[in-house]
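Heads up: the sequence shown begins at 1 in full-length UniProt numbering, then just goes up one per residue.
No lab work stands behind these hints: they were computed from the structure.
Check the hints yourself; a few may be wrong.
For lysine-lysine, the following DSSO-like pairs were computed, each having C-alpha atoms within a straight-line distance of at most 30 Å [said to hold, decoys possible]: (1) Lys126 to Lys64; (2) Lys209 to Lys64; (3) Lys126 to Lys209; (4) Lys397 to Lys460; (5) Lys803 to Lys871; (6) Lys64 to Lys156; (7) Lys794 to Lys848; (8) Lys803 to Lys785; (9) Lys209 to Lys57; (10) Lys244 to Lys126; (11) Lys397 to Lys30; (12) Lys755 to Lys573; (13) Lys848 to Lys874; (14) Lys871 to Lys755.
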Amino acid sequence: MPMVPISWLADHVEVPADLDAAQLAAALVKVGLEEEAIHPAKVTGPLVVGKVLTLVKETASNGKTVNYCRVDVGQYNDQPGAGKEPSDLPSRGIICGAHNFVEGDLVVVSLPGAVLPGDFAIAARKTYGHISDGMICSARELGLGNDHDGIIVLPKYFPDREIPAPGSDLLGFLGLGEETLEINVTPDRGYCFSMRGVAREFAHSTGAKFTDPGLVGNRVASVPEATADGFKVRIADDAPIHGKPGADRFVTRIVRGVNPSAPSPRWMVERLEAAGMRSLSLAVDITNYVMLDLGQPMHAYDLNALEAPIVVRRARAGERLTTLDEVDRQLDPQDLLITDSPNGEGSRIIGMAGVMGGQYSEVEHSTTDILLEAAHFDAVSVARTARRHHLPSEASKRFERGTDPQLAPVAAQRAVDLLVEYGGGTADAAVSDFNEVAPASSIRFPYTDAARLIGVDYSKERVEELLTEIGCMLDEIEDGIFNVTVPTWRPDLTGSAHLVEEIARLDGFDTIPSILPSAPAGAGLTDAQQARRHVSASLAASGLVEVLSYPFVSDSFDRQRLTQGDERRQALKLRNPLADDAPLLRTSIIDTLLDAAGRNVARGSDRVALFETGLVVRPAGTVPADLLSAEQRPTDEELAGLRAGTPAQPWHVGVVLAGRASASPVVEPARMFAWSDALETVENIASLLGVRIEVTRAWDADYKKVPGPLMPEPASDPADVAPWHPGRVARVFVRRGRDLIDIAMAGELHPGVCKSFGLQARSCAAEVDLSALIEAMSGEPTQVKPVSTYPIAKEDIALVVSKSIPVARVEQVVRQGGGALLEEVTLFDIFESETLGADVRSLAFALKLRAPDRTLSADEVREVRESVVAKAGKVLGAQLRS
Numbered sequence: 001m002p003m004v005p006i007s008w009l010a011d012h013v014e015v016p017a018d019l020d021a022a023q024l025a026a027a028l029v030k031v032g033l034e035e036e037a038i039h040p041a042k043v044t045g046p047l048v049v050g051k052v053l054t055l056v057k058e059t060a061s062n063g064k065t066v067n068y069c070r071v072d073v074g075q076y077n078d079q080p081g082a083g084k085e086p087s088d089l090p091s092r093g094i095i096c097g098a099h100n101f102v103e104g105d106l107v108v109v110s111l112p113g114a115v116l117p118g119d120f121a122i123a124a125r126k127t128y129g130h131i132s133d134g135m136i137c138s139a140r141e142l143g144l145g146n147d148h149d150g151i152i153v154l155p156k157y158f159p160d161r162e163i164p165a166p167g168s169d170l171l172g173f174l175g176l177g178e179e180t181l182e183i184n185v186t187p188d189r190g191y192c193f194s195m196r197g198v199a200r201e202f203a204h205s206t207g208a209k210f211t212d213p214g215l216v217g218n219r220v221a222s223v224p225e226a227t228a229d230g231f232k233v234r235i236a237d238d239a240p241i242h243g244k245p246g247a248d249r250f251v252t253r254i255v256r257g258v259n260p261s262a263p264s265p266r267w268m269v270e271r272l273e274a275a276g277m278r279s280l281s282l283a284v285d286i287t288n289y290v291m292l293d294l295g296q297p298m299h300a301y302d303l304n305a306l307e308a309p310i311v312v313r314r315a316r317a318g319e320r321l322t323t324l325d326e327v328d329r330q331l332d333p334q335d336l337l338i339t340d341s342p343n344g345e346g347s348r349i350i351g352m353a354g355v356m357g358g359q360y361s362e363v364e365h366s367t368t369d370i371l372l373e374a375a376h377f378d379a380v381s382v383a384r385t386a387r388r389h390h391l392p393s394e395a396s397k398r399f400e401r402g403t404d405p406q407l408a409p410v411a412a413q414r415a416v417d418l419l420v421e422y423g424g425g426t427a428d429a430a431v432s433d434f435n436e437v438a439p440a441s442s443i444r445f446p447y448t449d450a451a452r453l454i455g456v457d458y459s460k461e462r463v464e465e466l467l468t469e470i471g472c473m474l475d476e477i478e479d480g481i482f483n484v485t486v487p488t489w490r491p492d493l494t495g496s497a498h499l500v501e502e503i504a505r506l507d508g509f510d511t512i513p514s515i516l517p518s519a520p521a522g523a524g525l526t527d528a529q530q531a532r533r534h535v536s537a538s539l540a541a542s543g544l545v546e547v548l549s550y551p552f553v554s555d556s557f558d559r560q561r562l563t564q565g566d567e568r569r570q571a572l573k574l575r576n577p578l579a580d581d582a583p584l585l586r587t588s589i590i591d592t593l594l595d596a597a598g599r600n601v602a603r604g605s606d607r608v609a610l611f612e613t614g615l616v617v618r619p620a621g622t623v624p625a626d627l628l629s630a631e632q633r634p635t636d637e638e639l640a641g642l643r644a645g646t647p648a649q650p651w652h653v654g655v656v657l658a659g660r661a662s663a664s665p666v667v668e669p670a671r672m673f674a675w676s677d678a679l680e681t682v683e684n685i686a687s688l689l690g691v692r693i694e695v696t697r698a699w700d701a702d703y704k705k706v707p708g709p710l711m712p713e714p715a716s717d718p719a720d721v722a723p724w725h726p727g728r729v730a731r732v733f734v735r736r737g738r739d740l741i742d743i744a745m746a747g748e749l750h751p752g753v754c755k756s757f758g759l760q761a762r763s764c765a766a767e768v769d770l771s772a773l774i775e776a777m778s779g780e781p782t783q784v785k786p787v788s789t790y791p792i793a794k795e796d797i798a799l800v801v802s803k804s805i806p807v808a809r810v811e812q813v814v815r816q817g818g819g820a821l822l823e824e825v826t827l828f829d830i831f832e833s834e835t836l837g838a839d840v841r842s843l844a845f846a847l848k849l850r851a852p853d854r855t856l857s858a859d860e861v862r863e864v865r866e867s868v869v870a871k872a873g874k875v876l877g878a879q880l881r882s
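Go ahead and model the full structure; you've got the sequences and the hints to work with.
What follows is the structure in structure tokens.
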């Protein structure tokens, strides 16, 4: 995140004398630059110039020699005889253990009340037999460096600066008393990774006068023209990305005779440190400073280690590079490289373009002749290289967001001027400037688009004013329609909507009125949405816990014991998954719910009752579609292809029940979850939605075709009902005419599945196709029947039927035979014996009969009984048990 010291910002824009970091943050947030943090000053409290008046060496009892000093600190002095220790001179007494200073030296004194880096508070204290009323500071104690061998002697530490009088404040002089604002920059505003860019935005927000160091008016600042003898550069990109060359501008400048031991000026070091960078050497500090100041990344090379020409090219197979961080890297053919030519053009690699330089040709302590590089690299190429090598650098952060191609010669000239001024070098007249930058893009822009998209009536004059303010050049080609040429530092402005966003941003988002839209009558949740919400609320109310899991899964089908031909194995694989170990989209809610249940059991839960409602993906029958271009609107045929290529995504609800089903044993007898609990959950969901379901065995080893109305056939292989136990799982379906629609499976999980997912033995689960169940709803509001006040007539019937006939089928026929008077049917007994027969069983049903308008007579009850027996005999071959 960019760090913004106000004193540095003031180099580019007028700032009020009393501006603080909080006010700066408030101004910048108006134009879209959010405050990340405000970093307080390194030192607070009195930090002043002190003049050592006397120095007395004393040996303490521990054998250490210290200096007892009387120090003149101007207006902070104790008057003679009035201080903590008597003295004939206005001064303060301070104990100091350093020995690199003498009487008469000007030093840095922190007085009581000051707080140094590390939250080190200064106070008067008695030590070595004296009152030490302050502290004489070293560079490390002030956070100015790592030197702790002695204290700062100001004339020696700042030989090129005039030292203020004793008692003068040193916070500003040393750059220690300034707050720093850290801001958050969105990816499309890369120019704000520089003081130049932030200053421009401050000017937009406040109207302060801004001077662009890269432009004079709308023209690039004066820089030397390219010469024939400039250091040769060649762009040889034979594999450009998206048709864009890896580099379209490459400026080189030469400075000779630089003093390799010349220190970086203190002001530059302070600014680099405020930005979170450490000082390395003059040449490197200058390139970093120019990057932070103007936004143009640069690189400095040892000129004598290079062989012309510099060639910018893509990496070749097998090439490697040891970068400045001393890591040996295998290069990729898409990596853009900076090379020189000792054995032919581009034969030696000296860096990864826009990311990091190599160890060869870097500036060293003996370098006197320096080649400066300022280039414009393709943002996509730099971004891919930085991510490929996990090598984010300050340069790549700027290049991948887009830098100003017109800034390279300006930045190079600035670096040359600094090397000449502080390094004692001489600027070489040779200038190289490879420049194939495309003309600035232009946008056809009707000014009314701003009002159309934002809802604020901007005048044409206001639109012109705001766009000109951000650096655009406008040419009115028709009445109210402009041809807008965007500034080179704004590569993110590529369309009319982008210009509209800039207009809204600069005019102020707070000026856009908040108008609530009127809610039209009849709108709201669809029937399907309401149904899904009712189901979730009902399951939660019944004691289940809702979970939300990611729909991305690994190949867990073997753990669920799914057969090879199971359609749930046909999972859609993502091209770019979030996690390499979960590249598939789930085909069943159980895919993710079993993992969630197992995780809870592993963490000590003895009762797990989970449910989840979500989409599953069934790609069977999907026709893959090609990726479409964004350059134009897709045709109807292409849209139809996209729809055909979109897999079915029904809503499912899954339930997993494991472990203890009962509450406290004091409240109810202890029991574990059973298959009936899972089936009951499905029945409750169907009842809530008003859908009549039927239940049958999912797998039956003794299945025989039942005569009469169509019934679903059970699975032919026990493995086909995985992950459930084949003998303890129910299949749930609904009828739509003569069609049978499967909507759920419910029952006990296979023992092997329980073991694979770490669940307790005999855990249960259910999965409901909620989309199919909702489609089976009548679509009409449920009509509640009035409660009859007439008495119920009870009748019991025991029918002897084949064992192969499911109970649900028998109950269905009983209901059909009972007609309108049959209110309730309950199975209360199943009886099997040798006397009945080997292949039959007796099913006893309790019937409750009632009419809404009368008390039923004995004849009416008898007629219903006879109708039920007759219907069961005709459809199922059932007989009344005697």
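Hints versus structure:
Taken as a hint, the lysine 126 and lysine 64 pair is honoured in the structure, with Cα atoms around 16 Å apart against an allowance of 30 Å. Restraint check for lysine 209 and lysine 64: not satisfied, since their Cα atoms lie roughly 58 Å apart, outside the 30 Å limit. For a cut-off of 30 Å, the pair hint linking lysine 126 to lysine 209 is broken: about 53 Å separates their Cα positions. For the hint pairing lysine 397 with lysine 460, the CA-to-CA distance comes to about 37 Å; that exceeds 30 Å, so the pair is violated.
Under the criterion of a C-alpha separation no larger than 30 Å, the hint pairing lysine 803 with lysine 871 is consistent with the structure, at around 18 Å. For the suggested pair lysine 64 and lysine 156, the alpha carbons sit about 26 Å apart, so the restraint of at most 30 Å is met. The straight-line distance between the Cα atoms of lysine 794 and lysine 848 is roughly 5 Å, inside the 30 Å bound, and the hint therefore holds. Between lysine 803 and lysine 785 the CA atoms are separated by roughly 36 Å; this puts the pair beyond 30 Å, and the hint is violated.
For the hint pairing lysine 209 with lysine 57, the CA-to-CA distance comes to about 56 Å; that exceeds 30 Å, so the pair is violated. Between lysine 244 and lysine 126, the direct Cα distance comes to roughly 71 Å. Violation of the 30 Å bound is thereby established for this hinted pair. For the suggested pair lysine 397 and lysine 30, the alpha carbons sit about 24 Å apart, so the restraint of at most 30 Å is met. Taken as a hint, the lysine 755 and lysine 573 pair is honoured in the structure, with Cα atoms around 27 Å apart against an allowance of 30 Å.
Annotation: proposed proximity of lysine 848 to lysine 874 holds, straight-line Cα distance about 22 Å (limit 30 Å). Distance restraint check for lysine 871 and lysine 755: the Cα-Cα separation of roughly 47 Å exceeds the 30 Å cut-off, and the hinted pair is therefore not satisfied.
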